[in-house]
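**Student:** One-letter residues, chain by chain:
Protein chains: 2
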Amino acid sequence: MHASPLYEQVANKVQGLIDCRTLRAGERLPSVRSLSREWSISITTVMQAYRTLENRGLVEARPQSGFYVLSSLRTALPEPRASQPSEVPCDVSVPDLAMRILQDTSKPDLVQFGAAVQNPDLLPTRKLHQMLGTMARRHPERGINYSMMPGSADLRTEIARRQVGAGCALAPDDIIVTNGCQEATLLALRAVTKPGDTIGVESPAFYNHLLTADALGLKVVEIPTHPREGMSIEALRYALANHRPAAVLTVSSHHNPTGATIPDERKRQLAELMSEYDVPLIEDDIFGEMNFEGDRPKAAKAFDRTGNTILCSSFSKTLAPGYRIGWIVPGKYHDTIARLKSCMNYGANALAELAIAAFLEEGGYDHHLRRLRRTLEKRVRWLRESVAEHFPEGTRISNPSGGMVLWVEMAGSSNSVCIYRRALAAGITIAPGVLFSPRGEYRNCIRLNAAYADESKEKAVARLGEIVRSEAEQTVSGTT
Amino acid sequence: MHASPLYEQVANKVQGLIDCRTLRAGERLPSVRSLSREWSISITTVMQAYRTLENRGLVEARPQSGFYVLSSLRTALPEPRASQPSEVPCDVSVPDLAMRILQDTSKPDLVQFGAAVQNPDLLPTRKLHQMLGTMARRHPERGINYSMMPGSADLRTEIARRQVGAGCALAPDDIIVTNGCQEATLLALRAVTKPGDTIGVESPAFYNHLLTADALGLKVVEIPTHPREGMSIEALRYALANHRPAAVLTVSSHHNPTGATIPDERKRQLAELMSEYDVPLIEDDIFGEMNFEGDRPKAAKAFDRTGNTILCSSFSKTLAPGYRIGWIVPGKYHDTIARLKSCMNYGANALAELAIAAFLEEGGYDHHLRRLRRTLEKRVRWLRESVAEHFPEGTRISNPSGGMVLWVEMAGSSNSVCIYRRALAAGITIAPGVLFSPRGEYRNCIRLNAAYADESKEKAVARLGEIVRSEAEQTVSGTT
Numbered sequence: 196m197h198a199s200p201l202y203e204q205v206a207n208k209v210q211g212l213i214d215c216r217t218l219r220a221g222e223r224l225p226s227v228r229s230l231s232r233e234w235s236i237s238i239t240t241v242m243q244a245y246r247t248l249e250n251r252g253l254v255e256a257r258p259q260s261g262f263y264v265l266s267s268l269r270t271a272l273p274e275p276r277a278s279q280p281s282e283v284p285c286d287v288s289v290p291d292l293a294m295r296i297l298q299d300t301s302k303p304d305l306v307q308f309g310a311a312v313q314n315p316d317l318l319p320t321r322k323l324h325q326m327l328g329t330m331a332r333r334h335p336e337r338g339i340n341y342s343m344m345p346g347s348a349d350l351r352t353e354i355a356r357r358q359v360g361a362g363c364a365l366a367p368d369d370i371i372v373t374n375g376c377q378e379a380t381l382l383a384l385r386a387v388t389k390p391g392d393t394i395g396v397e398s399p400a401f402y403n404h405l406l407t408a409d410a411l412g413l414k415v416v417e418i419p420t421h422p423r424e425g426m427s428i429e430a431l432r433y434a435l436a437n438h439r440p441a442a443v444l445t446v447s448s449h450h451n452p453t454g455a456t457i458p459d460e461r462k463r464q465l466a467e468l469m470s471e472y473d474v475p476l477i478e479d480d481i482f483g484e485m486n487f488e489g490d491r492p493k494a495a496k497a498f499d500r501t502g503n504t505i506l507c508s509s510f511s512k513t514l515a516p517g518y519r520i521g522w523i524v525p526g527k528y529h530d531t532i533a534r535l536k537s538c539m540n541y542g543a544n545a546l547a548e549l550a551i552a553a554f555l556e557e558g559g560y561d562h563h564l565r566r567l568r569r570t571l572e573k574r575v576r577w578l579r580e581s582v583a584e585h586f587p588e589g590t591r592i593s594n595p596s597g598g599m600v601l602w603v604e605m606a607g608s609s610n611s612v613c614i615y616r617r618a619l620a621a622g623i624t625i626a627p628g629v630l631f632s633p634r635g636e637y638r639n640c641i642r643l644n645a646a647y648a649d650e651s652k653e654k655a656v657a658r659l660g661e662i663v664r665s666e667a668e669q670t671v672s673g674t675t
Numbered sequence: 196m197h198a199s200p201l202y203e204q205v206a207n208k209v210q211g212l213i214d215c216r217t218l219r220a221g222e223r224l225p226s227v228r229s230l231s232r233e234w235s236i237s238i239t240t241v242m243q244a245y246r247t248l249e250n251r252g253l254v255e256a257r258p259q260s261g262f263y264v265l266s267s268l269r270t271a272l273p274e275p276r277a278s279q280p281s282e283v284p285c286d287v288s289v290p291d292l293a294m295r296i297l298q299d300t301s302k303p304d305l306v307q308f309g310a311a312v313q314n315p316d317l318l319p320t321r322k323l324h325q326m327l328g329t330m331a332r333r334h335p336e337r338g339i340n341y342s343m344m345p346g347s348a349d350l351r352t353e354i355a356r357r358q359v360g361a362g363c364a365l366a367p368d369d370i371i372v373t374n375g376c377q378e379a380t381l382l383a384l385r386a387v388t389k390p391g392d393t394i395g396v397e398s399p400a401f402y403n404h405l406l407t408a409d410a411l412g413l414k415v416v417e418i419p420t421h422p423r424e425g426m427s428i429e430a431l432r433y434a435l436a437n438h439r440p441a442a443v444l445t446v447s448s449h450h451n452p453t454g455a456t457i458p459d460e461r462k463r464q465l466a467e468l469m470s471e472y473d474v475p476l477i478e479d480d481i482f483g484e485m486n487f488e489g490d491r492p493k494a495a496k497a498f499d500r501t502g503n504t505i506l507c508s509s510f511s512k513t514l515a516p517g518y519r520i521g522w523i524v525p526g527k528y529h530d531t532i533a534r535l536k537s538c539m540n541y542g543a544n545a546l547a548e549l550a551i552a553a554f555l556e557e558g559g560y561d562h563h564l565r566r567l568r569r570t571l572e573k574r575v576r577w578l579r580e581s582v583a584e585h586f587p588e589g590t591r592i593s594n595p596s597g598g599m600v601l602w603v604e605m606a607g608s609s610n611s612v613c614i615y616r617r618a619l620a621a622g623i624t625i626a627p628g629v630l631f632s633p634r635g636e637y638r639n640c641i642r643l644n645a646a647y648a649d650e651s652k653e654k655a656v657a658r659l660g661e662i663v664r665s666e667a668e669q670t671v672s673g674t675t
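As given, the protein sequences belong to chains A and B, one line each in that order. Just so we're aligned: the first sequence equals residues 196 to 675 in the numbering used here. Just so we're aligned: the second sequence equals residues 196 to 675 in the numbering used here.
These are computed hints drawn from the structure, not numbers from a lab. A couple of the hints might just be wrong.
In this list, chains with the same sequence are indistinguishable; a pair is considered to hold if it fits within one copy or across any two.
Okay, derived cross-link-like pairs now, SDA-like style, lysine to any residue, Cα gap no bigger than 20 Å in a straight line [to be verified]: (1) 527 to 291; (2) 573 to 294; (3) 414 to 390; (4) 527 to 497; (5) 573 to 247; (6) 573 to 228; (7) 573 to 236; (8) 322 to 435; (9) 322 to 436; (10) 302 to 367; (11) 527 to 301; (12) 573 to 558; (13) 302 to 335; (14) 322 to 207; (15) 414 to 589; (16) 414 to 439.
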């Protein structure tokens with residue numbers, strides 16, 4: 196561990212004053228000059244600290260005036276409870292709503308709190324499209340030809356380089372390019388399971404993982420999950436010993452929907468446990484680079500010594516969902532997955548591969564990522580506060596350290612499918628909790644995508660709050 | 196039926212003279228002026244007739260001299276025999292060579308007679324890439340966003356329009372865009388089969404179809420196939436009655452590898468038979484638009500009255516393999532296939548969809564297609580003649596009416612895998628026959644891709660002929 200830089204220490208100290216309400220919402224922070232004098236630190240350091248607090252969504256700069264504490268309610272709402280799903284494996288039964296929610300992403304009139312798709316305003320669209328054009332002129336033939344599995348060597352080299360940040364030492368040949376992360380997890384599941392098998396998933400779990408399991412004729416056993424630290428390793432050990440799953444599927448960092456990140460040390464335990472049981476771990480790391488602070492979390496793959504972790508990811512959240520470029524690191528299942536991919540669709544779009552490789556090499560991906568993280572952090576924080584303001588008492592909400600979704604647990608026995616329907620009628624799309632359970636649990640939860648959540652959505656959150664409140668009342672009056 | 200135009204009647208008459216050797220190889224055709232006078236037809240008509248013969252690869256124009264009969268050996272080699280595979284369903288065992296052959300398409304130093312990939316020189320690369328750039332500027336946001344299943348409405352409208360030529364009356368909503376035709380057939384197979392099921396395939400069959408069946412745990416039953424008229428409907432009826440396959444997979448027009456096209460009337464019988472047995476027909480129509488003369492063949496889907504034909508195709512042979520744009524018409528399996536596609540990879544590359552839609556609408560696709568057909572016809576004819584010249588006696592070769600591949604049956608018991616290896620060492624890639632059988636049959640056959648076959652490949656064909664000859668001799672001496 197490195198000591199954090201001075202400005203971050205200063206920011207933490209000031210945040211402490213906000214947390215304990217020494218500095219209250221609406222109050223002005225000490226001026227930069229005065230804090231610099233009082234704490235004997237440079238003006239630059241104070242400015243950096245205040246900017247950090249601004250990025251954390253705790254204060255705002257008002258022109259010609261100074262920094263002010265925002266009406267922070269971050270400690271006001273508790274986080275959702277740890278999940279306690281049934282220990283018994285079951286078939287998947289997820290309503291067809293999931294497909295509707297994905298398709299509604301193309302409707303610009305809806306407030307997009309539903310599917311976890313990235314907001315194109317936050318993506319380097321113009322630059323990527325320009326690079327695509329440049330690649331088409333520079334490599335016309337490569338662009339028109341198949342880019343056969345395993346995909347562009349340039350792109351795989353860039354991906355291998357970036358995975359150093361996740362703690363993974365990969366060669367380009369360890370990587371196969373896919374049409375997005377979903378295809379990667381499908382390939383992984385097809386490689387290591389057969390119909391009738393059981394796989395382990397987090398509870399709650401990403402609905403498309405559940406639907407994929409269903410499509411492959413798999414049962415799932417749900418693993419209890421902590422709202423911040425993710426899958427319980429102890430519960431996983433129990434499931435491994437008792438249900439012998441054919442694979443375990445995890446969104447190990449900035450989990451969808453809970454936002455939980457398995458701490459690095461527990462990721463090591465996870466990888467070791469899976470190797471001990473010789474059960475493949477399928478790791479969906481699609482949100483791994485979208486941490487709000489510090490270094491990006493490690494991947495469990497970083498601790499894999501036996502090759503039985505299959506790492507899946509893509510650029511669909513950080514660069515270009517429409518380009519359909521993801522990848523898989525198949526570990527010891529390389530040959531099987533290569534064969535499956537080869538007779539699935541040969542490869543990915545050739546120019547998209549080249550454009551993303553060029554962007555990673557020279558397009559300022561890190562710079563873009565820093566900005567994306569800051570914006571998402573702000574939006575996540577804003578949406579949390581807005582929910583706290585508008586939702587009824589008893590609401591719980593996740594406090595993710597990265598990613599872009601919030602998991603909201605509503606008080607009492609609200610029916611999130613009814614809320615979904617009424618919200619849709621009001622022009623707002625959300626993801627009801629039942630989608631995230633193979634057996635229709637999480638009826639009282641909803642997932643919100645924060646990527647579109649800025650001040651302009653205040654009314655939408657307020658309307659959502661009204662709907663939640665009125666549903667809760669109906670439920671109460673219905674049960675009396 | 197329309198009567199063929201006058202120039203075509205004239206061309207056929209002259210071709211008759213060539214076929215019966217009244218006009219021999221190397222001889223000059225009657226001059227345009229003299230034939231015009233003798234047959235009392237206009238000079239324009241004679242010119243059109245001679246150009247038609249040139250397109251058919253029968254004559255060549257020599258500047259300042261006239262038209263000469265090419266050393267046509269088109270009647271010299273017989274076509275391969277009708278196949279007579281085992282009636283017993285079996286598991287698929289195809290050597291890993293298939294993947295190697297696909298990957299070797301990226302090696303520009305090899306003579307590309309192997310995988311059936313299109314030659315990029317024959318594709319409208321520059322224009323398509325330009326349209327891609329235009330679309331990126333015109334619709335930046337659509338290009339960066341997911342194009343969720345079922346895919347771009349513009350593209351599906353254009354596809355529906357073009358399918359009129361295949362005899363299919365489709366609405367855009369009948370179509371789902373896929374990442375190529377292979378993905379479409381995979382989706383179809385996943386939708387209508389489960390592991391352990393048997394599917395019917397033509398014998399020989401496209402190797403990636405066999406590999407896909409294998410990957411899905413399916414057995415296959417091979418249906419005898421005529422070298423020109425394709426799958427035997429009578430044998431299919433027997434297989435349906437005796438083996439109750441879960442589906443039948445056909446490349447119904449310009450079959451890969453045989454080049455056979457099931458005649459329209461037999462396609463009607465095929466569709467009716469499948470409906471009678473209520474077994475889904477999966478129709479891979481990827482070569483359907485690549486006919487050499489007349490109207491494109493109908494699809495069996497045109498005769499489907501019950502929705503149990505699933506039509507699969509793509510633009511990978513005619514426009515841009517690297518764009519990865521295909522489609523599926525799922526018929527009555529729509530909901531299942533939509534769900535499978537949605538949790539496979541959401542959709543295809545968004546800009547590629549837009550660019551191909553624009554090309555179909557205003558890029559001169561028909562004009563391009565006419566030129567592509569003419570070139571492929573010439574190359575197929577050239578390669579047939581070159582094989583006739585260089586391969587040992589007893590060789591048989593297909594005479595396809597479209598597509599781009601030739602199926603060569605060698606005399607005696609040549610081992611095509613040895614030929615493949617020696618050819619590769621000599622810088623030539625081919626596809627050995629064993630790949631096209633689930634049980635290693637067709638050892639004495641090879642498939643040649645004609646898309647790269649022009650005069651510059653004369654030496655390569657000669658070298659291949661030498662290898663085939665020497666393998667045949669080794670086999671003979673080995674058996675004495």
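**Student:** Now look at each hint and say whether the structure bears it out.
**Tutor:** Against the structure, the hints come out as follows:
1. 527 to 291: between (35 Å within a copy, 18 Å between copies)
2. 573 to 294: neither (29 Å within a copy, 47 Å between copies)
3. 414 to 390: Both: 8 Å inside a copy, 16 Å across copies.
4. 527 to 497: Classified as within: same-chain Cα gap 15 Å, cross-chain 46 Å, threshold 20 Å.
5. 573 to 247: within (11 Å within a copy, 69 Å between copies)
6. 573 to 228: Intra 26 Å, inter 82 Å, cutoff 20 Å: neither.
7. 573 to 236: Answer is neither: 27 Å inside a copy and 81 Å across each miss the 20 Å cutoff.
8. 322 to 435: neither (46 Å within a copy, 56 Å between copies)
9. 322 to 436: neither (50 Å within a copy, 59 Å between copies)
10. 302 to 367: between (38 Å within a copy, 19 Å between copies)
11. 527 to 301: Answer is neither: 38 Å inside a copy and 26 Å across each miss the 20 Å cutoff.
12. 573 to 558: neither (24 Å within a copy, 45 Å between copies)
13. 302 to 335: between (34 Å within a copy, 16 Å between copies)
14. 322 to 207: neither (36 Å within a copy, 56 Å between copies)
15. 414 to 589: neither (34 Å within a copy, 57 Å between copies)
16. 414 to 439: within (12 Å within a copy, 28 Å between copies)
The structure fails hints 2, 6, 7, 8, 9, 11, 12, 14 and 15 (numbered hints given earlier, in ascending order).
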